[in-house]
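Since chain A is already given, all that's left is putting chain B on it; use the hints.
So the protein sequences, as listed, match chains A and B. Per our numbering, residue 1 is the first one in the first sequence, and the count goes up by one each step. Per our numbering, residue 1001 is the first one in the second sequence, and the count goes up by one each step.
Treat the hints with care, since some could be wrong.
Keeping only pairs whose Cα atoms sit at most 25 Å apart, straight-line, the calculated DSS-like set for lysine-lysine is [said to hold, decoys possible]:
| hint | chain 1 | residue 1 | chain 2 | residue 2 |
| --- | --- | --- | --- | --- |
| 1 | B | K1019 | A | K7 |
| 2 | A | K324 | B | K1072 |
| 3 | A | K4 | B | K1073 |
| 4 | A | K324 | A | K276 |
| 5 | B | K1069 | B | K1030 |
| 6 | B | K1015 | A | K15 |
| 7 | A | K30 | A | K299 |
| 8 | B | K1145 | A | K73 |
| 9 | A | K19 | B | K1007 |
| 10 | A | K278 | A | K30 |
If you are wondering where the hints come from, they were derived from the structure by calculation, not from laboratory data.
2 protein chains.
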Amino acid sequence: MSIKQGKQTYINDRKVYIKETAAIVGPREKAGPLGEYFDEVQQEDYDEKTWEKAEAKFANAAFQKLMRKIDKKSDDIDCILAGDLMNQCIASSLGLRDSGIPYLGLFGACSTIAEGMTTASLLINSGGMSHVICMASSNFCSAEKTFRMPVEQGGQRPPTAQWTVTASGALLISSEPGGPLITSVTIGKITDYDITDSNNMGAAMAPAAADTILAHLSDLGLDANYYDAIVTGDLGLTGSGILRELMDLHGCSLYCPEEDRFIHQDCGAMIFDPVKQKTNSGGSGCGCGTAVFANYFYKQLQEGILKRILFVGTGALMSPISVKQAESISGIAHAVAIEAQ
Amino acid sequence: MSIKQGKQTYINDRKVYIKETAAIVGPREKAGPLGEYFDEVQQEDYDEKTWEKAEAKFANAAFQKLMRKIDKKSDDIDCILAGDLMNQCIASSLGLRDSGIPYLGLFGACSTIAEGMTTASLLINSGGMSHVICMASSNFCSAEKTFRMPVEQGGQRPPTAQWTVTASGALLISSEPGGPLITSVTIGKITDYDITDSNNMGAAMAPAAADTILAHLSDLGLDANYYDAIVTGDLGLTGSGILRELMDLHGCSLYCPEEDRFIHQDCGAMIFDPVKQKTNSGGSGCGCGTAVFANYFYKQLQEGILKRILFVGTGALMSPISVKQAESISGIAHAVAIEAQ
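Okay, chain A solo, but in the shape it has when bound (with noise of 0.2 Å):
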């Protein structure tokens, strides 16, 4: 069973645990500041003639290689809940069309890995299931193409654009012991401060990752440094500076002054080197947080070097066209509180 706490936060009775993660990169981020932690590398187009075909085996490879880790039968699967960025989510629906597996498919654009843990844990918590796979791909030229320009017109990016990250992540949600425990899950309201710059999606998704953060807080009545490390998707250089000082206001500092250190981290701050690999504001991308996740953050709450996390998929919600038609751009994002053992 699941415990309503606060007004969006619920906390797990029934163990869940995160029994196992796999994740596959591209090669810019395998050059990155993490790419020793990664589980494979493939080249962007992964040997497809299209970007969308790419993504979709990208997304295939990472199931498979889940599979192959975790001693499971696709049987013995109760469900996967999986999402991306492509046009009703092909790179999802292609790359697991063959899994044998119940499916339920999941939009919250780069806060997919989160929303898929959230309701992993609810749905384990139901009793029924045991097992859920969560997962989420992106692709940089799938994205480019979707989203902005040609990648070969070369455009330029203002400081404030992100990367999107070549990568795709999944994970074994399960009720049987091993892993870190996912503890409580808080879900996001969508959010929306009138941001209109597509290239600044960090600065409409910093104030949703603001009120998650707030709500999980508030609702369990934390503070920010019960945990080691709160953690955000893709928010990036600038969103990371907005989500701070938005915290700032609300009387709630991501900072700790006794270890002078930041409680925050950001997924797409920390997988490429902005200066080396001119990455503007960082990497975004459904895949960004679930890799960083699956292989960073994962391994440090295996080891111990990290005790309890917050994780908070942040998303960005809007298509080209709402763009073009003057529509804000909306944020969400979802929190996974989860503990070492």
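Below, chain B alone, put in the same frame as chain A:
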């Protein structure tokens, strides 16, 4: 708690009610055989300048209508589950961004409302949630623009083609008594019969519907005639014929000889008069099954005309890009067993 039975089915141990529904349709739907049942009619453009904004307004209006019908504030609703067919599901996120309710975005193509009902049942059975709103929408013109040709071009349609339904609908799924009960749910697998004709979605979705209906009946040890009606979302006339044939091949006829009638009904085949309205194979889209369930089948259950139905949302997992890249169109279907009280 939910209890898993068989491979894909979950029985609701905690009682889950469909407490209230609301739907808004366009003029073509109002002029069809079910016209008298719909809550409200609005023009396809809903006084907006773009089809996408119109669909978002339809989504918002169905949400507002549901909220007016129920004696609840936004704060009473634990979560909204919503999705649509637009790229990056913008109709739902734009339409619901001011709701102030925790939001989980779904992508199940035209199966979205059934995916929502399935997920909502399990979330309520996790114990922490009491009231979940499920929503889906589609708009003829926004779908034509996204998936096919500009409406103004007046392209010819083959007989297997369907007309996207302009409609939005919202359901309050609740643990609070009132309305028909959701007794069990079956989560579908992605099926793929190598259909590549995007003018024949019925053929792509029918195998998924058959697969999920067979799984449901097998998991629970039921015959098809246990249900007064097995209602698919939007197979249309062509897809309905294929489903009935596939079920015959599996030795599970959807025809009831004692009563000389088909147990199977399809919202897409019912919503238009194919001769008078020249709608080829019938209606389709997220809004089709949603509005017909919300305003027709729901009332049939409320009035006791139908006692037990299996509602099977059907979705085609594809995008215009995947079709152009010669990928086959996968299908998915989720089944929700509903009993009148």
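Right, here's what the structure says about each hint:
| no. | hint | result |
| --- | --- | --- |
| 1 | B:K1019 x A:K7 | holds (22 Å) |
| 2 | A:K324 x B:K1072 | violated (36 Å) |
| 3 | A:K4 x B:K1073 | holds (18 Å) |
| 4 | A:K324 x A:K276 | violated (33 Å) |
| 5 | B:K1069 x B:K1030 | holds (21 Å) |
| 6 | B:K1015 x A:K15 | holds (23 Å) |
| 7 | A:K30 x A:K299 | holds (17 Å) |
| 8 | B:K1145 x A:K73 | violated (42 Å) |
| 9 | A:K19 x B:K1007 | holds (22 Å) |
| 10 | A:K278 x A:K30 | holds (15 Å) |
The structure fails to meet hints 2, 4, 8 from the earlier list, while all remaining hints are met.
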